[in-house]
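Number of protein chains: 2
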Amino acid sequence: MFDSVRLPHKLDKAEFAEISERLREKLLDAQFEFGERKQKSLLLLINGSDGAGKGEVLNRLYEWLDDHSLETLSYGAPTEEERTRPLEWRYWRDMPGKGRIGLVIGGWHHRLLHHRAQGKISRAAFESGLDEINRSEEMLRNEGVVLVKVWLHVEDSVAQKRLAKLRENGGGLKRAVVIEWDDIKGARERQKLARSALDLVEKTSTGYAPWAVVAAEDARYRDAAVAELLLVALERANAESAARAPAPTPAPTQPADIPALPRASLVGALDLSHRADAERYGETLDALQGRLSELTTSRKFAHRGLVLVFEGNDAAGKGGAIRRVRAALDPRRFRVQGISAPTDEELARPYLWRFWRHLPRLGHTAIFDRSWYGRVLVERVEGFCSRDDWMRAYTEINDFERQMTRARILVIKFWLAISQEEQLARFASRASRPAKRYKITEEDWRNRGKWPQYEEAANEMIDRTNAQRAPWTLVESNDKKYSRLKVLRTIVERLEEEL
Amino acid sequence: MFDSVRLPHKLDKAEFAEISERLREKLLDAQFEFGERKQKSLLLLINGSDGAGKGEVLNRLYEWLDDHSLETLSYGAPTEEERTRPLEWRYWRDMPGKGRIGLVIGGWHHRLLHHRAQGKISRAAFESGLDEINRSEEMLRNEGVVLVKVWLHVEDSVAQKRLAKLRENGGGLKRAVVIEWDDIKGARERQKLARSALDLVEKTSTGYAPWAVVAAEDARYRDAAVAELLLVALERANAESAARAPAPTPAPTQPADIPALPRASLVGALDLSHRADAERYGETLDALQGRLSELTTSRKFAHRGLVLVFEGNDAAGKGGAIRRVRAALDPRRFRVQGISAPTDEELARPYLWRFWRHLPRLGHTAIFDRSWYGRVLVERVEGFCSRDDWMRAYTEINDFERQMTRARILVIKFWLAISQEEQLARFASRASRPAKRYKITEEDWRNRGKWPQYEEAANEMIDRTNAQRAPWTLVESNDKKYSRLKVLRTIVERLEEEL
Numbered sequence: 001m002f003d004s005v006r007l008p009h010k011l012d013k014a015e016f017a018e019i020s021e022r023l024r025e026k027l028l029d030a031q032f033e034f035g036e037r038k039q040k041s042l043l044l045l046i047n048g049s050d051g052a053g054k055g056e057v058l059n060r061l062y063e064w065l066d067d068h069s070l071e072t073l074s075y076g077a078p079t080e081e082e083r084t085r086p087l088e089w090r091y092w093r094d095m096p097g098k099g100r101i102g103l104v105i106g107g108w109h110h111r112l113l114h115h116r117a118q119g120k121i122s123r124a125a126f127e128s129g130l131d132e133i134n135r136s137e138e139m140l141r142n143e144g145v146v147l148v149k150v151w152l153h154v155e156d157s158v159a160q161k162r163l164a165k166l167r168e169n170g171g172g173l174k175r176a177v178v179i180e181w182d183d184i185k186g187a188r189e190r191q192k193l194a195r196s197a198l199d200l201v202e203k204t205s206t207g208y209a210p211w212a213v214v215a216a217e218d219a220r221y222r223d224a225a226v227a228e229l230l231l232v233a234l235e236r237a238n239a240e241s242a243a244r245a246p247a248p249t250p251a252p253t254q255p256a257d258i259p260a261l262p263r264a265s266l267v268g269a270l271d272l273s274h275r276a277d278a279e280r281y282g283e284t285l286d287a288l289q290g291r292l293s294e295l296t297t298s299r300k301f302a303h304r305g306l307v308l309v310f311e312g313n314d315a316a317g318k319g320g321a322i323r324r325v326r327a328a329l330d331p332r333r334f335r336v337q338g339i340s341a342p343t344d345e346e347l348a349r350p351y352l353w354r355f356w357r358h359l360p361r362l363g364h365t366a367i368f369d370r371s372w373y374g375r376v377l378v379e380r381v382e383g384f385c386s387r388d389d390w391m392r393a394y395t396e397i398n399d400f401e402r403q404m405t406r407a408r409i410l411v412i413k414f415w416l417a418i419s420q421e422e423q424l425a426r427f428a429s430r431a432s433r434p435a436k437r438y439k440i441t442e443e444d445w446r447n448r449g450k451w452p453q454y455e456e457a458a459n460e461m462i463d464r465t466n467a468q469r470a471p472w473t474l475v476e477s478n479d480k481k482y483s484r485l486k487v488l489r490t491i492v493e494r495l496e497e498e499l
Numbered sequence: 001m002f003d004s005v006r007l008p009h010k011l012d013k014a015e016f017a018e019i020s021e022r023l024r025e026k027l028l029d030a031q032f033e034f035g036e037r038k039q040k041s042l043l044l045l046i047n048g049s050d051g052a053g054k055g056e057v058l059n060r061l062y063e064w065l066d067d068h069s070l071e072t073l074s075y076g077a078p079t080e081e082e083r084t085r086p087l088e089w090r091y092w093r094d095m096p097g098k099g100r101i102g103l104v105i106g107g108w109h110h111r112l113l114h115h116r117a118q119g120k121i122s123r124a125a126f127e128s129g130l131d132e133i134n135r136s137e138e139m140l141r142n143e144g145v146v147l148v149k150v151w152l153h154v155e156d157s158v159a160q161k162r163l164a165k166l167r168e169n170g171g172g173l174k175r176a177v178v179i180e181w182d183d184i185k186g187a188r189e190r191q192k193l194a195r196s197a198l199d200l201v202e203k204t205s206t207g208y209a210p211w212a213v214v215a216a217e218d219a220r221y222r223d224a225a226v227a228e229l230l231l232v233a234l235e236r237a238n239a240e241s242a243a244r245a246p247a248p249t250p251a252p253t254q255p256a257d258i259p260a261l262p263r264a265s266l267v268g269a270l271d272l273s274h275r276a277d278a279e280r281y282g283e284t285l286d287a288l289q290g291r292l293s294e295l296t297t298s299r300k301f302a303h304r305g306l307v308l309v310f311e312g313n314d315a316a317g318k319g320g321a322i323r324r325v326r327a328a329l330d331p332r333r334f335r336v337q338g339i340s341a342p343t344d345e346e347l348a349r350p351y352l353w354r355f356w357r358h359l360p361r362l363g364h365t366a367i368f369d370r371s372w373y374g375r376v377l378v379e380r381v382e383g384f385c386s387r388d389d390w391m392r393a394y395t396e397i398n399d400f401e402r403q404m405t406r407a408r409i410l411v412i413k414f415w416l417a418i419s420q421e422e423q424l425a426r427f428a429s430r431a432s433r434p435a436k437r438y439k440i441t442e443e444d445w446r447n448r449g450k451w452p453q454y455e456e457a458a459n460e461m462i463d464r465t466n467a468q469r470a471p472w473t474l475v476e477s478n479d480k481k482y483s484r485l486k487v488l489r490t491i492v493e494r495l496e497e498e499l
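These protein sequences, in sequence, are chains A and B.
Quick note on the working numbering: the first sequence kicks off at 1 and runs consecutively.
Quick note on the working numbering: the second sequence kicks off at 1 and runs consecutively.
What the hints contain is simulated information worked out from the structure, not anything from laboratory work.
Hints are not guaranteed to be accurate.
Note that the list lumps identical chains together, so a pair holds whenever it fits in one copy or between two copies.
As the list claims (entries may be wrong) - Keeping only pairs whose Cα atoms sit at most 27 angstroms apart, straight-line, the calculated BS3-like set for lysine-lysine is: (1) K203 - K120; (2) K450 - K10; (3) K192 - K203; (4) K192 - K13.
Quantities reported herein were computed from a predicted structural model and do not represent experimental measurements.
So here's chain A without its partners, still in its complex pose:
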């Protein structure tokens, strides 16, 4: 693969002067238009052998581009902050907004390859890592992130020479990305590394995000070639943004005239008559809260994280349940995250970004009052996104939760269900009590009118995301006390199992 990179690729000074002048001008125009359109963001991933000049390319791009909408995302060994989060967290944290360009050094490919070369992961784990990368990149593409994947190639002999020179010069080296590869020294290890790199480039070259391998021995050629790749990508993205048809009206789940089968629904099948023993409620609540407090302050919990997801019908009592859970937690180590309409910042990034930013570090708890499931609930029912978007969201959500659980975060998901009659009673009661009136809006009444669609969406959501590692708990919530106790008991039991 990519053998042509071994051919001589050179630009003499005059050629470079001419080409670079034209490239610069075009680049600035394209970057400006890209920033103005604010339709997509772009990640330029600069990978390749040590000594190939990744840092130099970076410098050149800063020289040629407008640095206001440019950011460098450089990753070495994980920092302490990063080690307490899922692997993928740091890439999400740094995701540039629409109209902006991120220059990535030491990104996800690099990390996987490095682990493989060091023998930290098996061949099978490496392969499955590559497949996971492809899924993530497909998701990013669908979310409007343009990926330009560049592999800078120099022959190993050349790289070694350059590294030796860098080493002589001493001091500055420690800070260079280069150091990361430096621990892979033996000839056999380096060969293995080269083979794995080839596998990586082959397997993760997809139609939507292909690799470009650039001959990096001649610095002038290298810099011009990377700039050209960036320019082509920007111009293509701009052309696509310009041609973009207005968002299609989302197709209804079911064409209107198709005879509908009666649907059996998990949510609809719940027996909502469950009631707590009112007399013993206070006592049981105390006991559960006490146990939860013990568990979440235990030494074992320090190496775990906890994510609680609350979804359910309007007025099902999410807030009340959350308050009972929260009361048992150390206030320094939890956060309740209410999810309502996304901010501008959030709209400018891939959908899952707004949730990644609120993931807890190890030893902490994040409580989501509504969550990433919004895409397959409200966004689906209200037609805020297309069918393609919410259909692919199931897979993306399963991947997302797998990334959390793999990082030792326990994910517990609740669906709080009430009957239509109970909801009506609660709405009426809220409307009549001044202190609670803010909790009931026009929108709530409108949503109520779409009860069957919401139920269908909830049921499909549970069917498609009830993963073994992150199962749903359906909570019969017509009786608030019953609901709260069930929520607490579920959390306590899961923690007891897991810790």
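Here the structure of chain A is known, so what remains is to put chain B in place on it, guided by the hints.
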């Protein structure tokens, strides 16, 4: 996942009569429109536990649909014919054309799952098989094949009872699909099977081809639900075909006004001055042909296949080289496949179909005079397909060739290169000799005008598909004798290595 399927799903006779009458009418309309539009084909994959009634569903669909554009694709243990080809061959062989519906029983998911349940493949191999399935299905979707993936679910206890009954009735059972699962009997094995099935459904539920799990205990509900899924898919496909914008003008690889770097090209870097020793040519040719004949009639070759791909500049001597190879082969066991414009049959199916149909069985040789690389050569340069199509083709081709090599087919690929001057001389000579005049057309002259674009396309093709298991051999062909000897020698050497 899909727990709602465990809820009671039933239709009584009257409900079924009403729903089925309306479903039938709609189905026929939708099927008719689907057939008229001829834009897509549809595969309905019916999977699920034994005893769930796959065969009965099939019967029902034949009753309700027009059987003229319907075909059953049913797969059991591979036949002798199938065992001598790559695993995937039988699915390709049966691929329905546009406007047609295939009902698939025992398809690719079934096979993988069965192997896993029998312990024939490791967990890692199973996972990587699932990823491969996703890639294939994405390709099918991109090629206009609608996939409806149905999993019929009955509880294991119900299934066992039904199977026992079938067994009592004896005779007919052997022919039923049911028998395939029947060898997985132990409770632990069946549990493992169920868990693997869950993994399969989770991992291969993608946005573009999600699973639908259907409660199959009640036959009426089951049949109506499958018919409804089919109807929704047909209506959606018809709506998409109706809305389909005219094919976009393919974007040029490089926007016209971007300063182009000088490209180093593998093809361009060849030293075309190589010449064969004319005096010893006949002798060497004889020796190589003799050796090739020995090798391809050896006992070891009986368990291998050979695919030879010839690509190159017009008039580079592909035909002459092929004749020299062919002369050494047993005429009963090779086939030369000239690839020109696709037939109607071929246009109605996914791109790779026309090549799958010509794959050799084990012990045989297929010689492709031009090949699947057409998509990234002529179709790219002439704008016959979009950039997205040829960009994804690299990945698809690498997958395709991996499927061949895994099935013990040796894939050898030649690029025959001549200089522009040599081509001109050959064109002129052809034009002046009546017997050869048919070999030179207007189109050849037009292609010649696009030399740089073809060279760029060839170079990128070699860079992106020069896989270790199926490498390219570049053949300097200004001297025909040199070219022919190099081709023969490469084949002989590769066979000697591999047998």
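Tested hints:
| no. | hint | in the structure |
| --- | --- | --- |
| 1 | K203 - K120 | both (20 angstroms within a copy, 25 angstroms between copies) |
| 2 | K450 - K10 | between (65 angstroms within a copy, 25 angstroms between copies) |
| 3 | K192 - K203 | within (16 angstroms within a copy, 30 angstroms between copies) |
| 4 | K192 - K13 | neither (37 angstroms within a copy, 66 angstroms between copies) |
Checked against the numbered hints above, the structure breaks only hint 4 and satisfies the rest.
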